[in-house]
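**Q** Build the full structure now, drawing on both the sequences and the hints.
Protein chains in written order, with our numbering: chain R, 1 to 269; chain D, 270 to 538.
Do not rely on the hints blindly, as some may be mistaken.
Claimed, not checked - Far from chain D by the CB rule (all over 12 angstroms, computed), these chain R residues:
hint : residue
1    : Leu24
2    : Gly26
3    : Asp39
4    : Leu41
5    : Ser56
6    : Gly57
7    : Glu85
8    : Leu97
9    : His132
10   : Ser201
Unchecked claim - Under 7 angstroms between C-beta atoms, here's a sample of chain D residues computed to sit facing chain R:
hint : residue
11   : Leu314
12   : Lys350
13   : Val353
14   : Asn362
15   : Ala431
16   : Asn448
17   : Leu475
18   : Asp479
19   : Leu483
As the list claims (entries may be wrong) - Okay, the calculated bits of chain D under chain R, using three or more residues with CB under 8 angstroms as the criterion:
hint : region
20   : 270 to 279
21   : 336 to 347
22   : 420 to 428
Source of the hints: derived by calculation from the structure; they are not laboratory data. Note that CB positions come from ideal geometry on N, CA and C, so glycine has one too.
Protein chains: 2
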Amino acid sequence: MVLVKIGGGDAINLDGIAADIAALPGPVVVVHGANAIRDRLAADLGWEKRVVTSVSGYSSVYSDERAIDLLLMAYAGLRNKRLVERLLCHGRNAVGLTGLDGRLVSARRNTGIRVRQGDKTLLLRDLSGKPHAVNLPLMRLLLDNGYTPVLTVPLADEQGCAVNSENDEVVALLQAALNAEQVIELIEAPGLLLDPSDPSSVARSLDATDLKRLEERAEGRFKRKLLALGRLFDTTAPTVVMADGRTARPVADALAGAGTTITKRGAGR
Amino acid sequence: MVLVKIGGGDAINLDGIAADIAALPGPVVVVHGANAIRDRLAADLGWEKRVVTSVSGYSSVYSDERAIDLLLMAYAGLRNKRLVERLLCHGRNAVGLTGLDGRLVSARRNTGIRVRQGDKTLLLRDLSGKPHAVNLPLMRLLLDNGYTPVLTVPLADEQGCAVNSENDEVVALLQAALNAEQVIELIEAPGLLLDPSDPSSVARSLDATDLKRLEERAEGRFKRKLLALGRLFDTTAPTVVMADGRTARPVADALAGAGTTITKRGAGR
Numbered sequence: 001m002v003l004v005k006i007g008g009g010d011a012i013n014l015d016g017i018a019a020d021i022a023a024l025p026g027p028v029v030v031v032h033g034a035n036a037i038r039d040r041l042a043a044d045l046g047w048e049k050r051v052v053t054s055v056s057g058y059s060s061v062y063s064d065e066r067a068i069d070l071l072l073m074a075y076a077g078l079r080n081k082r083l084v085e086r087l088l089c090h091g092r093n094a095v096g097l098t099g100l101d102g103r104l105v106s107a108r109r110n111t112g113i114r115v116r117q118g119d120k121t122l123l124l125r126d127l128s129g130k131p132h133a134v135n136l137p138l139m140r141l142l143l144d145n146g147y148t149p150v151l152t153v154p155l156a157d158e159q160g161c162a163v164n165s166e167n168d169e170v171v172a173l174l175q176a177a178l179n180a181e182q183v184i185e186l187i188e189a190p191g192l193l194l195d196p197s198d199p200s201s202v203a204r205s206l207d208a209t210d211l212k213r214l215e216e217r218a219e220g221r222f223k224r225k226l227l228a229l230g231r232l233f234d235t236t237a238p239t240v241v242m243a244d245g246r247t248a249r250p251v252a253d254a255l256a257g258a259g260t261t262i263t264k265r266g267a268g269r
Numbered sequence: 270m271v272l273v274k275i276g277g278g279d280a281i282n283l284d285g286i287a288a289d290i291a292a293l294p295g296p297v298v299v300v301h302g303a304n305a306i307r308d309r310l311a312a313d314l315g316w317e318k319r320v321v322t323s324v325s326g327y328s329s330v331y332s333d334e335r336a337i338d339l340l341l342m343a344y345a346g347l348r349n350k351r352l353v354e355r356l357l358c359h360g361r362n363a364v365g366l367t368g369l370d371g372r373l374v375s376a377r378r379n380t381g382i383r384v385r386q387g388d389k390t391l392l393l394r395d396l397s398g399k400p401h402a403v404n405l406p407l408m409r410l411l412l413d414n415g416y417t418p419v420l421t422v423p424l425a426d427e428q429g430c431a432v433n434s435e436n437d438e439v440v441a442l443l444q445a446a447l448n449a450e451q452v453i454e455l456i457e458a459p460g461l462l463l464d465p466s467d468p469s470s471v472a473r474s475l476d477a478t479d480l481k482r483l484e485e486r487a488e489g490r491f492k493r494k495l496l497a498l499g500r501l502f503d504t505t506a507p508t509v510v511m512a513d514g515r516t517a518r519p520v521a522d523a524l525a526g527a528g529t530t531i532t533k534r535g536a537g538r
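**A** Encoded structure:
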């Protein structure tokens, strides 16, 4: 089984990826983002992001109903179905789903962010959560009958409500549940950059333990990305390739050794 | 089996419908529209409808790539997943799908509209089609495993491309494939109005043959609606109820005899 994560940037070559996935012989599960479409749609609609600052000084995006509406339009609607369409056209019978559908991926709702309002501290809960369970029978039902699941946010919280979540964490949860031999992450960079400001600093090959060291030096979203990558090796030992999603044949290139290959030492692969 | 068609108006009570569907004991298939959301989104984004006039003087909306993008955002994204969410919250394990997903509903692409351009007649093909086949094994797979399919446009054409279609025609195709005993159509009116301009002209009970007579007098979208209603009786003999989707308990009301009940004489139900 191959688990393919497709980044949500505009330069990602969806059709090339779909052609490559269609040509793979075995089962594939796809997870994708859509942040570029989401951000553009928000700008076009004049829907501003609400950013809140916690008492500890940490800023984060507040996922309100409108943020979920945007996810539904950009991720679940436009990007998901365009990807399904590309896969169908290349001969792969894809089924596009969010975590909500059949509770395919459930989340635990986040407890909230402590914010200051006047002289009071309030706990502000938004519509976000951490992925915590995969509906494996539904996943198996689709895979065993020849369908290729194409997944994206939102997820379903304990009550069944839509919540936002990090797609990287969804991928880590799926890896633990499905134990894919290959995880391919297609991004808008030639691979994992040792220096994020230098496109020529692509790591060719890393051991899972290297991720921890890189993470200590990293900041912001890149730190979070490394943390999620590290989690892929928590219970399983896949071959993880981070490769360029902008080339003519992104998946074929990744399988041929392009980008960064991460393995777990002594895992025998 | 109950087939529920939910209109795409803003006044439709989605949560009440979801609560009612969740309370039904047997299998349910849902088809829904989202025209109000689509039209508002198009207006907010400044995406104008392209209307073309055929050589025979008939005007129709031209479904271009942007029209499909709007469908994907409004129908497949926002409305479909919000409905799935409401169903989950009420305890029904719903799976939201378009015709694209697993080629659940395939369409034959329309041949095109003959238009005049200068002194030439051109055949203008858009991204629209007629539903012609249901992926019954996938539908059965979901139903037999306790899932409630929630369907909407677009459909998949012969190549797997997204095409627009009439939801009423999708319902007629599904009825032929699934042979549901009950078809419930929830609209923004108290039932089928014998005079569309008079809300008090609700027909209480009609025979399928009455639809033909009404159709002869009707015009525009209402004529098309009656034609699609008539098709529900082509190969099967369901009880069709057209009822108000704006009440507190729309499905319960419909099953209790609200709105218009249409049956086929001599069908023994």
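**Q** Since R:Leu24 was said not to touch the interface, does its Cβ keep a gap of more than 12 angstroms from each Cβ of chain D?
**A** 17 angstroms, holds
**Q** Beyond 12 angstroms from every Cβ of chain D: is that where the Cβ of R:Leu97 lies?
**A** 7 angstroms, violated
**Q** Let's test the interface hint: is any C-beta of chain R closer than 7 angstroms to that of D:Leu314?
**A** 6 angstroms, holds
**Q** Any Cβ of chain D at or closer than 12 angstroms to R:Ser201, or is the non-interface label fine?
**A** With a cut-off of 12 angstroms, R:Ser201 remains clear of chain D, as the shortest Cβ separation is near 37 angstroms.
**Q** Count the residues of the region 270 to 279 of chain D whose Cβ falls closer than 8 angstroms to any Cβ of chain R, and tell me whether that reaches three.
**A** violated (count 0)
**Q** Taking 12 angstroms as the cut and beta carbons as the points, is R:Asp39 off the interface with chain D?
**A** Non-interface label on R:Asp39 holds, nearest chain D Cβ at 14 angstroms vs cutoff 12 angstroms.
**Q** Answer holds if the nearest beta-carbon of chain R is closer than 7 angstroms to that of D:Asp479; otherwise answer violated.
**A** Where the cut-off is 7 angstroms and the nearest Cβ of chain R is about 39 angstroms from D:Asp479, the hint is violated.
**Q** With 7 angstroms as the cut and Cβ atoms as the points, is D:Asn362 at the interface with chain R?
**A** Cβ of D:Asn362 sits 6 angstroms from chain R, so the hint holds.
**Q** How does the coverage statement for the region 420 to 428 of chain D fare against chain R, requiring three or more residues with Cβ below 8 angstroms from a Cβ of that chain?
**A** holds (count 3)
**Q** Using Cβ atoms and 12 angstroms as the threshold, tell me whether R:Ser56 really stays out of contact range of chain D.
**A** 32 angstroms, holds
**Q** Does the closest beta carbon of chain R sit nearer than 7 angstroms to the beta carbon of D:Ala431?
**A** The hint holds - D:Ala431 has a Cβ within 7 angstroms of chain R, the shortest such distance being about 5 angstroms.
**Q** Go through the hint on D:Leu475 and say holds or violated, using the shortest Cβ distance to chain R against 7 angstroms.
**A** With a minimum Cβ separation of about 36 angstroms from chain R (threshold 7 angstroms), the hint on D:Leu475 is violated.
Of the numbered hints listed earlier, those contradicted by the structure are 4, 7, 8, 16, 17, 18, 19, 20.
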